[in-house]
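Please build the complete structure, drawing on both the sequences and the hints.
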Amino acid sequence: MKKLALFLVLILAVTYVSAHDVTDSLQTVPLSPLDSLKQELRNNPYDSLKAGLYTQIAAYYLDYDKITNKKEKTNYQNEAINYTIMAMRNYSKYYDTVGMRNSFDNLVKVYRAQKKFSQAKWFILQSNTLSRAIHDVPNIISSLLQLAAIKADIKDYSLAMRDLNEALKLSTDNRMPKTEVKVQEGYAQLYGKMKNRTKEAIALKRRDFLNDSIKKAEQAQLAKLNKPDSVSKKKLLAIKKTKPAPSKKLASL
-6 MKKLALFLVL
4 ILAVTYVSAH
14 DVTDSLQTVP
24 LSPLDSLKQE
34 LRNNPYDSLK
44 AGLYTQIAAY
54 YLDYDKITNK
64 KEKTNYQNEA
74 INYTIMAMRN
84 YSKYYDTVGM
94 RNSFDNLVKV
104 YRAQKKFSQA
114 KWFILQSNTL
124 SRAIHDVPNI
134 ISSLLQLAAI
144 KADIKDYSLA
154 MRDLNEALKL
164 STDNRMPKTE
174 VKVQEGYAQL
184 YGKMKNRTKE
194 AIALKRRDFL
204 NDSIKKAEQA
214 QLAKLNKPDS
224 VSKKKLLAIK
234 KTKPAPSKKL
244 ASL
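Take -6 as the starting number for the sequence shown in this note's numbering and just add one per residue.
Everything labelled a hint here was simulated from the structure, so no lab data went into it.
Keep in mind the model is a prediction, meaning the values are calculated, not measured.
Mixed in with the good hints there might be a few duds.
Said to hold, decoys possible - Capping the alpha-carbon separation at 25 Å, the derived lysine-lysine pairs in BS3-like fashion look like this:
id, residue 1, residue 2
1, Lys188, Lys175
2, Lys188, Lys148
3, Lys198, Lys175
4, Lys63, Lys102
5, Lys59, Lys102
6, Lys109, Lys64
7, Lys175, Lys108
8, Lys171, Lys102
9, Lys66, Lys86
10, Lys175, Lys209
11, Lys86, Lys108
12, Lys192, Lys171
13, Lys66, Lys31
14, Lys175, Lys186
15, Lys86, Lys43
16, Lys220, Lys209
17, Lys198, Lys109
18, Lys171, Lys209
19, Lys175, Lys114
20, Lys198, Lys217
21, Lys217, Lys171
22, Lys114, Lys188
23, Lys114, Lys66
24, Lys208, Lys171
25, Lys114, Lys186
26, Lys220, Lys192
27, Lys192, Lys175
Below, the structure written as structure tokens:
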């Protein structure tokens, strides 16, 4: 009996130590960035802060382009949709229009990748509406470009052209050459899908001309900023040359 009791005590002791070793090893394993965000979300008592956490988690899943496995990629896309919708609901609750618009844009990306064009079109229209409401011209143009691309996907070329024409007018009226570059790329992509190689080439040529003009303007601005420094240096050198050398005092006898 004594031997049996001792044996049981040893088993219990080994089990206890092993359990603690496993617990300690689990505690020392660092959480992944995604798991850390999910843990922070679970522990966060403030509803107003949850939208940002949902968005950060969604951003992890939005990086699905790096996933090669088709099933896993689909899972990432669905998780991105789920967390983005949860974020969007919280942004809506607190009237955060920027957060809502960004959520719409993220949903557009996933739905377009899944070729669910009706959903993608609906959400980019919401994004465009919000941008117009707050007079956010850059994002109005951005949403028009995405809308044109979606319409081109479904071969609604005439309406896609209309969106690009509005985007072009906004970019030129507001003197946004870098944005106009994107518009010209949109034209080139649309004409490419329409098999109109001549107009596609014209759009690409216009894009290259704009890029060259932007580069020259930036170089001229940089030279203008550096010019006062070079002039100052020349003046300083001229002063040093004309400054008389200090006369030596003769030691009195």
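Now the hints, each set against the structure:
As the CA atoms of Lys188 and Lys175 are separated by approximately 20 Å, the hinted pair is consistent with the 25 Å bound. Among the hinted pairs, Lys188 with Lys148 is consistent with the structure: their alpha-carbon atoms are about 12 Å apart, no more than 25 Å. Taken as a hint, the Lys198 and Lys175 pair is honoured in the structure, with Cα atoms around 13 Å apart against an allowance of 25 Å. Note on Lys63 and Lys102: the hinted pairing holds, with a Cα-Cα distance of about 17 Å set against a maximum of 25 Å.
The straight-line distance between the Cα atoms of Lys59 and Lys102 is roughly 15 Å, inside the 25 Å bound, and the hint therefore holds. The hinted pair formed by Lys109 and Lys64 meets the criterion: a straight-line CA distance of about 17 Å does not exceed 25 Å. With a C-alpha separation of about 23 Å, the suggested pairing of Lys175 with Lys108 holds against the 25 Å cut-off. Under the criterion of a C-alpha separation no larger than 25 Å, the hint pairing Lys171 with Lys102 is consistent with the structure, at around 22 Å.
Under the criterion of a C-alpha separation no larger than 25 Å, the hint pairing Lys66 with Lys86 is inconsistent with the structure, at around 30 Å. For the proposed pair Lys175 and Lys209, the alpha carbon gap of about 18 Å is at most 25 Å, so the pair holds. Among the hinted pairs, Lys86 with Lys108 is inconsistent with the structure: their alpha-carbon atoms are about 30 Å apart, more than 25 Å. The suggested pairing of Lys192 with Lys171 holds, with an alpha-carbon distance near 20 Å, which does not exceed 25 Å.
Restraint check: the Cα-Cα separation between Lys66 and Lys31 comes to about 20 Å, which is no more than 25 Å; the hinted pair holds. For the given pair, Lys175 sits about 17 Å from Lys186 by alpha-carbon distance, which is consistent with the 25 Å threshold. Of the pairs offered as hints, the one joining Lys86 and Lys43 holds, with about 11 Å between alpha carbons and a cut-off of 25 Å not exceeded. Taken as a hint, the Lys220 and Lys209 pair is honoured in the structure, with Cα atoms around 16 Å apart against an allowance of 25 Å.
A distance of roughly 33 Å separates the Cα atoms of Lys198 and Lys109; the hinted pair therefore is violated under the 25 Å criterion. As the CA atoms of Lys171 and Lys209 are separated by approximately 13 Å, the hinted pair is consistent with the 25 Å bound. Between Lys175 and Lys114, the direct Cα distance comes to roughly 20 Å. Compliance with the 25 Å bound is thereby established for this hinted pair. Only pairs whose Cα atoms come within 25 Å are accepted, and Lys198 paired with Lys217 is rejected, the gap being roughly 29 Å.
Proximity of Lys217 to Lys171 is assessed by CA-CA distance (about 21 Å); at most 25 Å being required, the pair is judged to hold. For a cut-off of 25 Å, the pair hint linking Lys114 to Lys188 stands: about 23 Å separates their Cα positions. With a C-alpha separation of about 22 Å, the suggested pair Lys114 and Lys66 falls inside the 25 Å cut-off, and the hint holds. A threshold of 25 Å between alpha carbons decides the hint, and for Lys208 with Lys171 the separation of about 10 Å falls inside it, so the pair holds.
Restraint check: the Cα-Cα separation between Lys114 and Lys186 comes to about 18 Å, which is no more than 25 Å; the hinted pair holds. Annotation: proposed proximity of Lys220 to Lys192 is violated, straight-line Cα distance about 42 Å (limit 25 Å). At most 25 Å may separate the alpha-carbon atoms for a hinted pair to count; Lys192 and Lys175 meet this at roughly 16 Å.
Hints 9, 11, 17, 20 and 26 from the earlier list are contradicted by this structure; the remaining hints agree with it.
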